[in-house]
Amino acid sequence: MALAVLALFLATPARAGVFEPTHFTLDNGLEVVVVSDHRAPVVTHMVWYRVGSADEPRGKSGISHFLEHLMFKGTDKLGPGEASKIIARIGGNENAFTSYDYTAYYQTVAPAKLETVMEIEADRMVNLRLTEDHVLAERDVVLEERRTRTDNSDAAKFREQVNAATYLAYPYRIPVIGWEHEIRQLNQDDAIAFYKRWYAPNNAILIVAGDVSADTVRVLAEKHYGPIPRREIAPRSRVDEPPHLAPRRLSMTSAQIGQARFARRYLAPSHGYGASEHKLALEVLTEILGGGTTSRLYRSLVFDGKLAVSAGSWYGGDDIGPSTFGFYGSPAEGKTVEDVEAAIDGEIAELLKDGVTEDEVASAIKRLTRSAIFARDSVTAPARIIGAALASGLTIEEIESWPERVATVTVDDVLAAARAVLKPERSVTSILLPEGAK
Amino acid sequence: MSRWGFVGAALVAMVVWAPIVGAFEITKVTSPGGIKAWLVEDHKNPIITLRMTFLGGSSADPAGKKGLAYLASGLLDEGAGTLDSTAFQKALAEESISLSFDANTDSFSGGLTTLTETSEQAFNLLRLALTEARFDAEPMERIRGQILAGLRSRKENPNRIAGRVWWKAAFPDHPYGKPKRGTPESLASITPADLKGFTKRVFARDNLFIGVVGDITPDRLGAVLDEVFGALPETSSMPEIPDVEVDFSGDMMIVERPVPQSVVVFGHRGIAREDPDWYTATLLFEVLAGGFGSRLTEEIREKRGLTYGISAYPLPLDHSALIVGGVSTVNDRVAETIDLLKSIWARFGAEGPTDKEIRDAKDYVNGSYNLRFSNSGAIAGVLTGIQRQDLGVDYIERRPAIIEAITAEDLKRVAKRLFRAEDLTFVVVGQPTGVTATRTAPDPEG
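Residue numbers (the working numbering), protein chains in the order written: chain X, 1 to 438; chain A, 439 to 884.
Keep in mind that the hints were calculated from the coordinates and are not lab data. Since the model is a prediction, treat every value here as computed from it, not as a measurement. By construction, the Cβ of each residue, glycine as well, lies at the ideal position given by its N, Cα and C atoms. Incorrect hints may have been included.
Said to hold, decoys possible - Pairs of lysine-lysine, PhoX-like flavour, derived with a Cα cap of 25 Å: (1) A/634 - A/528; (2) X/353 - X/423; (3) A/741 - X/85; (4) A/638 - A/593; (5) A/503 - A/634; (6) A/474 - A/528; (7) X/196 - X/223; (8) X/366 - A/503; (9) A/800 - X/366; (10) X/157 - A/741; (11) X/85 - A/850; (12) A/741 - A/780; (13) A/800 - X/113; (14) X/77 - A/503; (15) A/780 - X/77; (16) A/593 - X/306; (17) A/794 - X/85; (18) A/800 - X/85; (19) A/482 - A/466; (20) A/780 - A/794; (21) A/528 - X/306.
As the list claims (entries may be wrong) - Only some residues are given here: those of chain A computed to face chain X with a beta carbon under 7 Å: (22) 531; (23) 538; (24) 542; (25) 543; (26) 629; (27) 632; (28) 730; (29) 731.
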């Protein structure tokens, strides 16, 4: 089923006093978060497991995502696909997604139907029942999904190559959906073994957002999830990234590519890895460099320089493992990726020399903290933000205090973070070229 | 229930409906100047969201100027009034105001999201964009360059090729067959005068629908409507677009591309939104192609693992009506997938849905309707959509009964009328095995 969410929820954590969630833990270790919002008669019910593709055994890439698909194939009580039919009949929508650090399942229903989806989700937390023919048909579905997302697109295949070059050892080097040759070997035993290893109430987070009270959720959660016994779950074990000593450079030329693209990424700390004290400053830095048409890179490369049709930067600091800080640009007609690279190099050199200004930092902080208010304007967004953050090891307090903390970032912090991260030996440069182009 | 409110000199007429129990009320607001909007007032967050739709989209682009509406959508926030592009973009960014426009086939839409504290600036920027867009040379060249880069980027995307070829074959001599983003040639020919002509023709009060959600009272909205839209001309002047029937009769077109998975687009003529059988048709599509549990997904994905996703839906346009769908599968299973699809289609047309399928589809369609109201933008979008279709402010209330009243006989009759397996026309992009083209595919470019 469902989409492998390859993009993480980048730098949009929750804000202090914004979500005001209720947070408690059942006796069996299931963490529960409720965000009440009574505007529309809708509730979103999500279960997040603290396991993702970066936790897969060697040679079994794609098993976390494959299991996510197989979670719709029935339990002791319900036949394959039967839960989906029940959810449709009660007017609900459902889906699931897998990322490096987590796997999540969700349903959106009318408040009166919350108990039904809770019963279904609690059931498949422990009672998954698979049959070989369903498993094999679903493996074909996943291979088709891989073709749709990746194999049909040279740009997507190149992204996989670049990612594999970015991490020397850390499992983020492996695509969430898995390598094709490994997906082909996955079977029912692999799925069940992975399920038993990771799926348990004490390794899950329940988030309910929308038109419901915390008291109601507590009663229902005790009733349906409460009886599921806690199990011993060995902690996640991830290898460390060795030192990066040499810049890497990749390029691909393809007849399918019509527009050249340049990108450069640097291995960067995240909240859970490396020099995490730089995380907030890097969030401010990417807003200054790449936040829309008033950003430094857009102004310099697109607006003033006329070198590029697009340019910007990114940073995702909410991962458990090492993150990346990146730059990108697409050359304008008559310009080359070399022109774009030289301009981005110039911007980086200037940044490392002179840093950023007080005005730039103040303006970036204002936009970032305001984005916290906009994040409230949705039933599903708070649930997704909180779920991703908790499943990646952040705390509710860290989510809620983010606006206050980001507001303390100074020009010195930004310069220190830039100097710590933007080191050539930790970089991967990637160039995608149309056939026949220089 | 209705009431009248006076605020200073501003007379605001309001009719309040409560279409969703315990959820929200739609207020019909008419400004002192006579401009109408639907409002869902909600003061929980200090945010105001406005969505607007003008009739007249890329199908109204003049001959040789294809891409005009699309280019306009990228330029309205690139300089207006005394603000040049830099000043305008800065005014938006500094106050976290989101303003965007989009060209659709038959309409042109816009959206504004702002904090309450910055809403005065936001409404002023929207007014400037609609009434005093500058179309200066610098942003014109820059945005045109971005659109051209987008065209180059997507040129060899199999999904784009399949869609373009199918639409071109469906509408060989009609604006609907032309690409909304234009071509390098058509884009090069567009001048500032063309863009000003576009805003003059389309931005008028007689073809405008507005939905607003959030932290604003009906009284204030009344004043805002006059301020933002008051200077627009009374009447639009859109070109006459002829009605057109899709004349498909079961052809297979193949575009060879070196990809492992074939992308298939299929369909035939459809049903108009105003057709009395429209709701019956939507229920049929729920049974046939409404995701998990539907016939196409069960047979093609769940049982056989032929695809990650298959879709099919009715697509009513202002001047035509289509049924269109898509599926992707590995090259050597294209023939199997298409044969299966055709047989499911034929059988569904002949027999219609079972009683159980009807019950389930009705429960889903009625039960899930409210789920779309999950954020302000979505609610405002529904408000404009209902106005545009002229369904009435009580539509959300009435809709469940309309769905419930559909009978098994209706569904059988409409299934026979709608699903024509022999007319299904396919475009396959990839290296499919076991399928033979019956006609030459039109050139995906131009």
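Hint-by-hint comparison with the structure:
Taking the CA atoms of residue 634 of chain A and residue 528 of chain A, the gap is about 23 Å. The hint holds against a cut of 25 Å. Restraint check for residue 353 of chain X and residue 423 of chain X: satisfied, since their Cα atoms lie roughly 13 Å apart, inside the 25 Å limit. At most 25 Å may separate the alpha-carbon atoms for a hinted pair to count; residue 741 of chain A and residue 85 of chain X meet this at roughly 15 Å. Restraint check for residue 638 of chain A and residue 593 of chain A: the C-alpha separation of about 32 Å exceeds 25 Å, so the hint is violated.
Annotation: proposed proximity of residue 503 of chain A to residue 634 of chain A holds, straight-line Cα distance about 13 Å (limit 25 Å). For the suggested pair residue 474 of chain A and residue 528 of chain A, the alpha carbons sit about 30 Å apart, so the restraint of at most 25 Å is broken. With a C-alpha separation of about 22 Å, the suggested pairing of residue 196 of chain X with residue 223 of chain X holds against the 25 Å cut-off. Note on residue 366 of chain X and residue 503 of chain A: the hinted pairing is violated, with a Cα-Cα distance of about 41 Å set against a maximum of 25 Å.
With a CA separation close to 47 Å, the supplied pair residue 800 of chain A and residue 366 of chain X exceeds the 25 Å bound. With a CA separation close to 29 Å, the supplied pair residue 157 of chain X and residue 741 of chain A exceeds the 25 Å bound. Note on residue 85 of chain X and residue 850 of chain A: the hinted pairing holds, with a Cα-Cα distance of about 23 Å set against a maximum of 25 Å. Note on residue 741 of chain A and residue 780 of chain A: the hinted pairing holds, with a Cα-Cα distance of about 17 Å set against a maximum of 25 Å.
For the given pair, residue 800 of chain A sits about 17 Å from residue 113 of chain X by alpha-carbon distance, which is consistent with the 25 Å threshold. At roughly 61 Å between alpha-carbon atoms, residue 77 of chain X and residue 503 of chain A are farther apart than 25 Å, so this suggested pair is violated. Distance hint between residue 780 of chain A and residue 77 of chain X is unfulfilled; the C-alpha atoms sit about 35 Å from each other, more than 25 Å. Distance restraint check for residue 593 of chain A and residue 306 of chain X: the Cα-Cα separation of roughly 23 Å lies within the 25 Å cut-off, and the hinted pair is therefore satisfied.
Simply put, residue 794 of chain A and residue 85 of chain X have alpha-carbon atoms about 12 Å apart, close enough for the 25 Å limit, and the pair holds. Under the criterion of a C-alpha separation no larger than 25 Å, the hint pairing residue 800 of chain A with residue 85 of chain X is consistent with the structure, at around 13 Å. Restraint check for residue 482 of chain A and residue 466 of chain A: satisfied, since their Cα atoms lie roughly 20 Å apart, inside the 25 Å limit. Restraint check for residue 780 of chain A and residue 794 of chain A: satisfied, since their Cα atoms lie roughly 23 Å apart, inside the 25 Å limit.
Taken as a hint, the residue 528 of chain A and residue 306 of chain X pair is honoured in the structure, with Cα atoms around 19 Å apart against an allowance of 25 Å. With a cut of 7 Å, the hint placing residue 531 of chain A at the interface with chain X holds, because the nearest CB-to-CB distance is about 4 Å. A least Cβ separation of about 12 Å between residue 538 of chain A and chain X goes past the 7 Å threshold, and the interface hint is therefore violated. Interface hint status for residue 542 of chain A: violated, as the beta-carbon distance to the closest one in chain X is roughly 23 Å, over 7 Å.
A distance limit of 7 Å between C-beta atoms decides the matter here; for residue 543 of chain A the minimum to chain X is near 24 Å, and the interface restraint is violated. Taking 7 Å as the C-beta cut-off, the interface hint given for residue 629 of chain A is violated, the closest approach to chain X being about 19 Å. With a least beta-carbon distance of about 21 Å to chain X, the hint placing residue 632 of chain A at the interface is violated under the 7 Å criterion. With a cut of 7 Å, the hint placing residue 730 of chain A at the interface with chain X holds, because the nearest CB-to-CB distance is about 4 Å.
For residue 731 of chain A, the shortest C-beta to C-beta distance to chain X is roughly 5 Å, which falls under 7 Å, so the interface hint holds.
Violation of the numbered hints given earlier is confined to hints 4, 6, 8, 9, 10, 14, 15, 23, 24, 25, 26 and 27; the remaining hints are satisfied by the structure.
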